[in-house]
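Going line by line, the protein sequences match chains A and B. To convert, note that position 195 of the first sequence is 944 in our numbering; the numbers rise steadily by one, no gaps. To convert, note that position 60 of the second sequence is 676 in our numbering; the numbers rise steadily by one, no gaps.
Just so you know, these hints were derived from the structure itself, not from any lab. Certain hints may be false.
[Unchecked claim] Okay, derived cross-link-like pairs now, PhoX-like style, lysine-lysine, Cα gap no bigger than 25 angstroms in a straight line:
(1) B/Lys641 with A/Lys1002
(2) A/Lys852 with A/Lys867
(3) A/Lys1027 with A/Lys1046
(4) B/Lys658 with B/Lys641
(5) A/Lys888 with A/Lys812
(6) A/Lys1046 with A/Lys1002
(7) A/Lys867 with A/Lys809
(8) B/Lys628 with A/Lys1046
(9) B/Lys641 with A/Lys941
(10) A/Lys867 with B/Lys658
(11) A/Lys1046 with A/Lys997
(12) A/Lys884 with A/Lys867
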Amino acid sequence: MPSLQAIEKLIGNTPIFDFSFLSPSSSVQLWAKLEWLQIGGSVKVRPAFFILKEAILSNKIQKDTILLDASSGNTGIAYATLGRALNIPVTLCVPENISIERKFILQTLGAELRYTSKFEGTDGAQEVAQQIYEKEPQKYYLANQYANEANWRAHYVTTGPEIWQQTSQSVTHFVCGLGTTGSFTGIARYLKQQNSSIQTIALQPSHAMHGLEGWKHLETAIVPSIFDPTLVDEYISIDTQEAYAAIKTFARKSGLFLSPSSAANLVGLLKVARQVSKGVLVTLLPDSGERYFEVLKDTLPSL
Amino acid sequence: MATIIIPTPLRKFTQSQFTFETTAKTVGEAINELINCYPELKNQILDEQNNFRPFINFFVGDSDIRTLNKEQTPLGENDVLSIIPAIAGGL
């Protein structure tokens, strides 16, 4: 079985892609980290690994302890990947309407799935995970990615410093969508401690019923307890249809097939680019479009 | 009376009600009745052209109305109309 240290080497240090050719001004640089280029295939392996590592090192996970959490996708896949590598069983509460790709990947990796109401999204799945835990607390470690401090710390320790180094300490704006809020909170906190003038801009779906997998419309959802709103300099709303239309545009211009939330982050980055006269703007691209065929096949503008 | 089941993200706009009873005869009429009762729902459910927003699925029983007669899909006395997020994650 691989050690924690061996797996840690497969996480982070993702490349940063120069999108400045999309910039409205030659004095505005655009950069984005390609987060699917690590084990687990998405940004979520960073918090999943930190959550697992902290739980193992503090003996909250011992022999036969089952990792339990709510997830609709990437965090679940990251847990299942790492759990398999570290021989830790994984039980996930997932809304029954998760996509066929996710069910297939999670089942292949051997995660136990508990299906929750299709009406309630991940908020409902979180409640079910809590109930399962309360019935048998000795059996499970409830990871609760929405409240687990290791979630944002993963980004504070890895992603934030990577951005700082990869931009040669010149980053002026960080732009990112809010889901569990771990990426935004950890990276914004780190960057502002390096240079308090760095602007950190949070993106939100424009409507409660949106199509940006992983994002939360905080006005109508349970706000994750790890979220620190004092880190937000500005909120920008992103329309789902604008992001979906951009998937094709970005694919044709960059050769990168982005997921809806990655495209939404890039749309947000371009909105900020149009507001500033100069700067070095950075975002994350959480995953590629290859896990989204079910939702994309009916909604991508005709090719 | 048919029953509309309202998903969690929209309950903020329905004074936390999770069902709505209607005598409407089609899905379109039922949703309009719901919006008339809770006007804040309009922008959440309908786009600028008053079409149903994509990424929201409407099911009568187990059938997606896109496979039936869309907004004109008839609603029977005991039918259940479910409004379901097209994606499971986030929301």
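Run through the hints listed earlier and report the numbers of any the structure violates, in increasing order. 1, 3, 7, 8, 9
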